[in-house]
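Trainee: For any residue, its number in the numbering used here is found by taking its place in the sequence shown, counting from 1, and adding 200.
Simulated from the structure, these hints should not be mistaken for lab results. A virtual CB, placed ideally from N, CA and C, is assigned to each residue, including glycine. Each hint should be verified, as a subset may be incorrect.
Have a look at the derived ranges for each label pair, beta carbon to beta carbon [stated by the list, open to error]: (1) Ala341 - Ser270: 37 to 43 Å; (2) Ala341 - Lys472: 35 to 41 Å; (3) Asp211 - Glu319: 18 to 24 Å; (4) Ser419 - Asn482: 28 to 34 Å; (5) Ser389 - Glu269: 23 to 29 Å; (6) Ser408 - Asp367: 33 to 39 Å; (7) Ser270 - Glu476: 37 to 43 Å; (8) Arg434 - Leu340: 18 to 24 Å; (9) Asp450 - Ser270: 40 to 46 Å; (10) Gln410 - Lys444: 16 to 22 Å; (11) Arg210 - Lys472: 31 to 37 Å; (12) Glu467 - Glu442: 20 to 26 Å; (13) Asp275 - Leu203: 27 to 33 Å.
Using 25 Å as the maximum straight-line C-alpha spacing, the simulated PhoX-like pairs for lysine-lysine come out as follows [unchecked claim]: (14) Lys202 - Lys463; (15) Lys202 - Lys252; (16) Lys426 - Lys335; (17) Lys465 - Lys449; (18) Lys202 - Lys465; (19) Lys463 - Lys368; (20) Lys472 - Lys447; (21) Lys202 - Lys322; (22) Lys252 - Lys426; (23) Lys345 - Lys426; (24) Lys252 - Lys296; (25) Lys335 - Lys465; (26) Lys426 - Lys449; (27) Lys454 - Lys426; (28) Lys335 - Lys390; (29) Lys322 - Lys472; (30) Lys426 - Lys463; (31) Lys335 - Lys322; (32) Lys444 - Lys472; (33) Lys345 - Lys322.
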Amino acid sequence: MKLTTTLTCRDHTSLLISEFSPENPPLGTIVIASAFGVNQSFYWPMAEFFVKQGYKVLCFDYRGTGDNESLTREDFELSEWGTQDIEGVLRYAISKTDQVYFIGHSIGGQLLALAPSSEQLKSAVFVAASAPYWKRWPRLADGLKIRVNIGFILPIVSRIYSPFPADKFGLGNQNLPSKAVQQWAKWMSKPNYLLDPSFGLDCSRFYSMQIPILSYAFSDDALAPKENINHLLRQFHEADCELKLVKPKDVDAKHIGHTGMFKAKFESTLWKETFEFLTAHN
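I would like the entire structure built from these sequences, with the hints used as guidance.
Mentor: Shown next as structure tokens:
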């Protein structure tokens with residue numbers, strides 16, 4: 201059963217979330233945090249898979265996007281997706297059960313440690329979550345393309361258009377807050393990404409979080425190379441981190457890329473493995 205619920209974040213912003221519940225009392229709750237520019241509905245098939253296993257699942261669009269695009273402010277910062285939105289959903293989940301697990305796709309994983317309640321999770325799975333610094337791309341041409349995007353295209357276009365038309369630049373299927381895009385470009389200009397001290401964010405939980413984390417990297421993912429994924433994982437000083445590099449042939453596929461893991465054809469392989477990792481820690 202799917203319901204739409206409204207919760208209130210710490211800054212008093214109301215956020216619409218989708219709540220998937222099993223027929224019987226849930227064994228726990230899994231929170232799925234979306235990638236940059238990807239609508240929450242993309243993750244609903246996976247949510248329904250977890251519901252069949254007896255778990256409640258929470259999906260949501262970040263402020264200024266998707267179901268929450270109509271919020272009145274236009275100056276949402278990217279960091280608020282972690283400090284307010286992910287935090288708000290985690291607090292809501294934890295208020296119902298102490299068995300709470302997390303899946304972060306791309307930026308969803310990058311932002312987790314900005315949420316104070318992240319330290320109360322039982323476990324987390326990151327999917328293509330990296331610290332995307334342009335100099336760490338294996339191919340120089342790819343790195344230079346990123347550099348041009350973050351140094352010129354994204355800053356200029358995000359100042360001309362509000363909201364930012366992400367679909368026209370291959371950054372997802374929904375509009376994005378222009379200020380969030382500007383902040384993202386600044387983060388990517390630094391080797392330590394959002395952890396760079398110049399951004400003034402509270403990154404203390406990167407160093408103190410003590411939960412098991414499984415991080416997926418895919419050999420054919422041009423947006424999140426293993427080097428950048430490894431760099432993000434190394435920032436979690438106390439967490440029990442495991443990096444798993446998956447090649448398409450490992451799961452009888454021709455392509456996985458940056459978003460493919462969430463397709464239903466991986467239900468018996470990557471979805472099952474994700475579920476088993478999450479729920480092994482309770």
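Trainee: Look at each hint and say if it fits the structure.
Mentor: Here is how each hint holds up against the structure:
1. Ala341 - Ser270: 37 to 43 Å: holds, 40 Å
2. Ala341 - Lys472: 35 to 41 Å: holds, 37 Å
3. Asp211 - Glu319: 18 to 24 Å: Holds: the Cβ-Cβ distance is about 20 Å, inside 18 to 24 Å.
4. Ser419 - Asn482: 28 to 34 Å: Holds, at about 31 Å.
5. Ser389 - Glu269: 23 to 29 Å: holds, 27 Å
6. Ser408 - Asp367: 33 to 39 Å: Given about 38 Å between the Cβ atoms, the range holds.
7. Ser270 - Glu476: 37 to 43 Å: holds, 38 Å
8. Arg434 - Leu340: 18 to 24 Å: Distance hint for arginine 434, leucine 340 holds at roughly 23 Å.
9. Asp450 - Ser270: 40 to 46 Å: holds, 42 Å
10. Gln410 - Lys444: 16 to 22 Å: holds, 20 Å
11. Arg210 - Lys472: 31 to 37 Å: 35 Å Cβ-Cβ, so the 31 to 37 Å window holds.
12. Glu467 - Glu442: 20 to 26 Å: holds, 21 Å
13. Asp275 - Leu203: 27 to 33 Å: Given range 27 to 33 Å: holds, Cβ gap about 30 Å.
14. Lys202 - Lys463: Roughly 19 Å separates the two Cα atoms, so the pair holds.
15. Lys202 - Lys252: holds, 13 Å
16. Lys426 - Lys335: Satisfied, since the Cα-Cα distance of roughly 13 Å is no more than 25 Å.
17. Lys465 - Lys449: Given that 25 Å is the threshold and the Cα spacing comes to 14 Å, the pair holds.
18. Lys202 - Lys465: The given pair, whose Cα atoms are some 22 Å apart, holds under the 25 Å limit.
19. Lys463 - Lys368: Within the cut-off at roughly 23 Å; holds.
20. Lys472 - Lys447: holds, 17 Å
21. Lys202 - Lys322: holds, 24 Å
22. Lys252 - Lys426: violated, 32 Å
23. Lys345 - Lys426: Holds - the C-alpha atoms of lysine 426 and lysine 345 are around 18 Å apart, at most 25 Å.
24. Lys252 - Lys296: holds, 19 Å
25. Lys335 - Lys465: The given pair, whose Cα atoms are some 34 Å apart, is violated under the 25 Å limit.
26. Lys426 - Lys449: holds, 17 Å
27. Lys454 - Lys426: Holds. Lysine 454 to lysine 426 sits at ~19 Å (cutoff 25 Å).
28. Lys335 - Lys390: holds, 10 Å
29. Lys322 - Lys472: holds, 18 Å
30. Lys426 - Lys463: Given pair lysine 426, lysine 463 holds - Cα atoms ~21 Å apart, limit 25 Å.
31. Lys335 - Lys322: Outside the cut-off at roughly 34 Å; violated.
32. Lys444 - Lys472: holds, 15 Å
33. Lys345 - Lys322: violated, 38 Å
This entry does not satisfy hints 22, 25, 31, 33, going by the numbered hints stated previously.
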